[in-house]
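Just so you know, the protein sequences line up as chains E and Y, in that order. Take the position in the first sequence, starting the count at 1, then add 38; the result is the number in my numbering. Take the position in the second sequence, starting the count at 1, then add 589; the result is the number in my numbering.
It should be emphasised that the hints constitute simulated quantities derived from the structure, not laboratory data. Computed from a predicted model, the values in this text were never measured in an experiment. There's no promise every hint is true.
The list that follows gives simulated cross-link-like pairs (lysine-lysine, BS3-like), each with its CA atoms no further than 30 Å apart [as the list claims (entries may be wrong)]:
| # | chain 1 | residue 1 | chain 2 | residue 2 |
| --- | --- | --- | --- | --- |
| 1 | Y | Lys754 | Y | Lys688 |
| 2 | E | Lys349 | E | Lys153 |
| 3 | Y | Lys739 | E | Lys81 |
| 4 | E | Lys346 | E | Lys336 |
| 5 | E | Lys336 | Y | Lys739 |
| 6 | E | Lys153 | E | Lys336 |
| 7 | E | Lys246 | E | Lys336 |
| 8 | E | Lys243 | E | Lys81 |
| 9 | E | Lys243 | Y | Lys739 |
| 10 | Y | Lys600 | E | Lys246 |
| 11 | E | Lys153 | Y | Lys651 |
| 12 | Y | Lys600 | Y | Lys755 |
| 13 | E | Lys81 | E | Lys246 |
| 14 | Y | Lys739 | Y | Lys760 |
| 15 | Y | Lys688 | E | Lys246 |
| 16 | Y | Lys754 | Y | Lys600 |
| 17 | E | Lys349 | E | Lys336 |
| 18 | Y | Lys600 | E | Lys243 |
| 19 | Y | Lys760 | Y | Lys600 |
| 20 | Y | Lys755 | Y | Lys651 |
Some chain Y residues flagged as far from chain E (calculated, every beta-carbon gap over 12 Å) [stated by the list, open to error]:
| # | residue |
| --- | --- |
| 21 | Leu604 |
| 22 | Pro689 |
| 23 | Gly710 |
| 24 | Gly744 |
| 25 | Lys755 |
| 26 | Glu763 |
| 27 | Asp772 |
| 28 | Glu779 |
Just some of the chain Y residues that point at chain E, by a computed CB distance under 8 Å [said to hold, decoys possible]:
| # | residue |
| --- | --- |
| 29 | Ser599 |
| 30 | Tyr638 |
| 31 | Leu721 |
| 32 | Gly722 |
| 33 | Leu736 |
| 34 | Lys739 |
No residue lacks a Cβ here, since even glycine has one placed at the ideal position from N, Cα and C.
Here is how the chains run, residue by residue.
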Amino acid sequence: MSATTSNEPAQPDLSAIARPPQVLNNRGPLWVTDAVCSIVEGKTPLWWLAAISVSGTFAAIGGACILYMIVTGVGVWGSNSPCFWAWDITNFIFWVSMAHAGSLISALLFLTRQKWSISISRAAEAMTVFAIICAGVYPAIHIGRVWFVWFLFPVPNSYGMWPNFSSPLLWDVFAVTSYLTVSSLFWFAGMIPDLAVLRDRATTKIRKFAYGLVSLGWLGTARQWRHFEMMYVLLAGLTSVLVVTVTTIVASDCATSVVPGWHATIFPFYFMVGAVYSGSAAILTLLIPLRLVYPQLKELITPSQLDKVCKLLLMMGSCVAYVYVFELFNAWYSANPFERGAFWERFTSSSSWYAITCLSINLTIPQLFWFSAVRRCLPLVVVLAILCNVGMWFERFMIVTTTLTRDFLPSSWGNFHPTIVDILTATGTLGIFFTLFLLFIRFVPIINMSELKAALPGSQPHAGLGRSTGEGH
Amino acid sequence: MSHHLPICGSKDEPLFAIGARFDTPEQLIGAVSRLRAEGYSSYECFTPYPVHGLAETMRLPKSLLSFLVLGGGLTAVLIALSMELVPSTLIYPLVVDGKPLNLSALPQYVPIVVALTLMIGAIAAVTGMIILGGMPRLNNPMFAWDLFAKDASRGFFLAVESGDKKFSAAKVAELLHQLGAGDVTAIHQEEESK
Numbered sequence: 039m040s041a042t043t044s045n046e047p048a049q050p051d052l053s054a055i056a057r058p059p060q061v062l063n064n065r066g067p068l069w070v071t072d073a074v075c076s077i078v079e080g081k082t083p084l085w086w087l088a089a090i091s092v093s094g095t096f097a098a099i100g101g102a103c104i105l106y107m108i109v110t111g112v113g114v115w116g117s118n119s120p121c122f123w124a125w126d127i128t129n130f131i132f133w134v135s136m137a138h139a140g141s142l143i144s145a146l147l148f149l150t151r152q153k154w155s156i157s158i159s160r161a162a163e164a165m166t167v168f169a170i171i172c173a174g175v176y177p178a179i180h181i182g183r184v185w186f187v188w189f190l191f192p193v194p195n196s197y198g199m200w201p202n203f204s205s206p207l208l209w210d211v212f213a214v215t216s217y218l219t220v221s222s223l224f225w226f227a228g229m230i231p232d233l234a235v236l237r238d239r240a241t242t243k244i245r246k247f248a249y250g251l252v253s254l255g256w257l258g259t260a261r262q263w264r265h266f267e268m269m270y271v272l273l274a275g276l277t278s279v280l281v282v283t284v285t286t287i288v289a290s291d292c293a294t295s296v297v298p299g300w301h302a303t304i305f306p307f308y309f310m311v312g313a314v315y316s317g318s319a320a321i322l323t324l325l326i327p328l329r330l331v332y333p334q335l336k337e338l339i340t341p342s343q344l345d346k347v348c349k350l351l352l353m354m355g356s357c358v359a360y361v362y363v364f365e366l367f368n369a370w371y372s373a374n375p376f377e378r379g380a381f382w383e384r385f386t387s388s389s390s391w392y393a394i395t396c397l398s399i400n401l402t403i404p405q406l407f408w409f410s411a412v413r414r415c416l417p418l419v420v421v422l423a424i425l426c427n428v429g430m431w432f433e434r435f436m437i438v439t440t441t442l443t444r445d446f447l448p449s450s451w452g453n454f455h456p457t458i459v460d461i462l463t464a465t466g467t468l469g470i471f472f473t474l475f476l477l478f479i480r481f482v483p484i485i486n487m488s489e490l491k492a493a494l495p496g497s498q499p500h501a502g503l504g505r506s507t508g509e510g511h
Numbered sequence: 590m591s592h593h594l595p596i597c598g599s600k601d602e603p604l605f606a607i608g609a610r611f612d613t614p615e616q617l618i619g620a621v622s623r624l625r626a627e628g629y630s631s632y633e634c635f636t637p638y639p640v641h642g643l644a645e646t647m648r649l650p651k652s653l654l655s656f657l658v659l660g661g662g663l664t665a666v667l668i669a670l671s672m673e674l675v676p677s678t679l680i681y682p683l684v685v686d687g688k689p690l691n692l693s694a695l696p697q698y699v700p701i702v703v704a705l706t707l708m709i710g711a712i713a714a715v716t717g718m719i720i721l722g723g724m725p726r727l728n729n730p731m732f733a734w735d736l737f738a739k740d741a742s743r744g745f746f747l748a749v750e751s752g753d754k755k756f757s758a759a760k761v762a763e764l765l766h767q768l769g770a771g772d773v774t775a776i777h778q779e780e781e782s783k
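Just chain Y, same shape as in the assembly:
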């Protein structure tokens, strides 16, 4: 079916996607809107830097990360307050200069609450980004495509995945050529990745 296309990966393995390279972010965004108009939904864009408007064109939802960080921060506030108040008021009240230890002395507990909130918030932000972004991952079918694996920073890449219900290698390849894509390639999976 895709015999006229350059092939990468192992021919005997199933087709993973049809990949294409664009020279400019405008072309990539144009291609995405066309793909959406044609009814494709399983595709992915790869850019060397965040391209404004791409996520909107792809209709990607807003990142959930801010909620994760809010959750992490609120958890930290609870942890910090209980960590400070339980020993100070119940288990081991350490009276210094006759100063109070209960809630009326709340300001003295604030610095640790702030420090812990920032720390757990940051940990939530980074682990959240890693997990939501589908990482960590040691290998990826896209790496079978040498052009992408070696030079992803030199272009704006698009891969239409074979899992798409409208997928037909020949049609996708033709559409991508029409949209001005270069290096349209059939990406098969590599043997090791099986």
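The following block holds chain E by itself, in its conformation from the complex:
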């Protein structure tokens, strides 16, 4: 009962550390609930309908292209000998990489108790799940005869055939399946308490039933929270491993081959830093406009939190720049004529503009984030972040196609030209991504309310008296 002696035990500690506030204007837990739920409960805004019709159309066209490709054959794509991998694998790597920043923010920063990431973690996880879904489109269809896709899985069959377990392409199947499963579970399970809030607040029978079903009967009992907090720590731990393993395995697809330009031990690191770099840019691209359309988010997703994402982008962008320089140095220092030739061709052949676009963006744009004036100017941040992802797409494209179109046999050298089906399938995945993200905004709480409320100043009893539970946060 000594708890009643002081109502604000957390204040002196917080001012000593002087952390920027989690939520601006000293908003309390009730305001947080209302602000976040109002996005889901309010009337469907016109911009949302307009946006989803555009993204839905692109997604539908993409779906039609995939169907056309399946019934006709991979010849409808521009991929041709020796460039058997082109936009399919480029886009696969692009999307699966983008996912990684979401896992890093929601899991790794949770484990390291970086509380600033709470407000953006839900949206970042959603981005992760949707980006993996977009990535997953390609590996399944790029094999050509889609009906043989079950060959990828080790299932006993009447042919007596088994997959090659030493192939990184098979590791990829497991890595991506596992990544999709774990991040979807992490995203959904973390959302259960917030879905229960929506269930409680629902005014129509359909909403009550739907949210009641997905919130699984959550009541927020002390027992449920006990298991929930344990689960969250465990899932964060498992997901943090995935941040490193998935891109490593994807990078092995290239690195374990003997193709000059791919056969490098730096590839896993290369892909991972590129992944977090492009994902941070994607988070900025999605969240900053969202703050514009829902003004209450300006107090929840604060400039100081976005500033930290910008710094993450800068750090990862600098790592990417380091890899570019090191890769070129290594090609020269290896004294291997094929390795040197691969990079020479990359910058001098007729398709050199991929490499030039990639390098000119990725070496310069992230470096602008050294300046706090740039990080504070949010419209500029969105433009730069979009450019970063354009740069990253060209990086993936450069790695995949310029390497394959210059193989060991100069007589088969050529260029890759995308067909209209290639282009519309790629824009289709963009459409799928944005459609899913728009549905996410409209139907589930886009901010982790329970975690945020638990971290607000004064929300915990005895805060600052050294009475933490150990497994909470």
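Use these hints to put chain Y onto chain E, whose structure you have.
Using the frame of chain E, we list chain Y on its own:
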């Protein structure tokens, strides 16, 4: 007995619990320690976010979930290794570039082991949390209490269940009032839930 208390649910149905709402987590923790001191054991707390120290005050045991996840992970390691090694060494040895396939080539089997361990570990964590937390559940006697069902996120709730061997509606209600609780209510079961 509880005629002076507000009643929710159906009067003819048995009493499920006496519910109370507190404004602050400190009050809730205070109430729990008092209830424990008085010898009550069948009660439940409902909070909009995890409140530090509440589980300790209630003397809740540590969650078993970590053991479940460890079990799931170890099972996954066994599944993955046998799934890879049995075909590769016994049923269908696929020699590529003359590379070995047996245990001396263990590193090549690691990525799939890692991926599967993470996947089954995560599935164990989520299903374990759901089952240990008494979910999924479509209805709950607590939903008979409108204040709780509509606004659980606006307070810190406590329900002393009628199954407690020390339970007496009048005494519990008086104790809760003493502890500064608001909206002390007798929660009867709803007819449909029978």
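Each hint, compared with the structure:
| no. | hint | verdict |
| --- | --- | --- |
| 1 | Y:Lys754 to Y:Lys688 | 70 Å, violated |
| 2 | E:Lys349 to E:Lys153 | 16 Å, holds |
| 3 | Y:Lys739 to E:Lys81 | 20 Å, holds |
| 4 | E:Lys346 to E:Lys336 | 15 Å, holds |
| 5 | E:Lys336 to Y:Lys739 | 27 Å, holds |
| 6 | E:Lys153 to E:Lys336 | 17 Å, holds |
| 7 | E:Lys246 to E:Lys336 | 29 Å, holds |
| 8 | E:Lys243 to E:Lys81 | 17 Å, holds |
| 9 | E:Lys243 to Y:Lys739 | 13 Å, holds |
| 10 | Y:Lys600 to E:Lys246 | 25 Å, holds |
| 11 | E:Lys153 to Y:Lys651 | 24 Å, holds |
| 12 | Y:Lys600 to Y:Lys755 | 22 Å, holds |
| 13 | E:Lys81 to E:Lys246 | 17 Å, holds |
| 14 | Y:Lys739 to Y:Lys760 | 27 Å, holds |
| 15 | Y:Lys688 to E:Lys246 | 59 Å, violated |
| 16 | Y:Lys754 to Y:Lys600 | 22 Å, holds |
| 17 | E:Lys349 to E:Lys336 | 19 Å, holds |
| 18 | Y:Lys600 to E:Lys243 | 25 Å, holds |
| 19 | Y:Lys760 to Y:Lys600 | 19 Å, holds |
| 20 | Y:Lys755 to Y:Lys651 | 26 Å, holds |
| 21 | Leu604 | 19 Å, holds |
| 22 | Pro689 | 9 Å, violated |
| 23 | Gly710 | 5 Å, violated |
| 24 | Gly744 | 10 Å, violated |
| 25 | Lys755 | 20 Å, holds |
| 26 | Glu763 | 18 Å, holds |
| 27 | Asp772 | 16 Å, holds |
| 28 | Glu779 | 15 Å, holds |
| 29 | Ser599 | 20 Å, violated |
| 30 | Tyr638 | 4 Å, holds |
| 31 | Leu721 | 5 Å, holds |
| 32 | Gly722 | 4 Å, holds |
| 33 | Leu736 | 11 Å, violated |
| 34 | Lys739 | 6 Å, holds |
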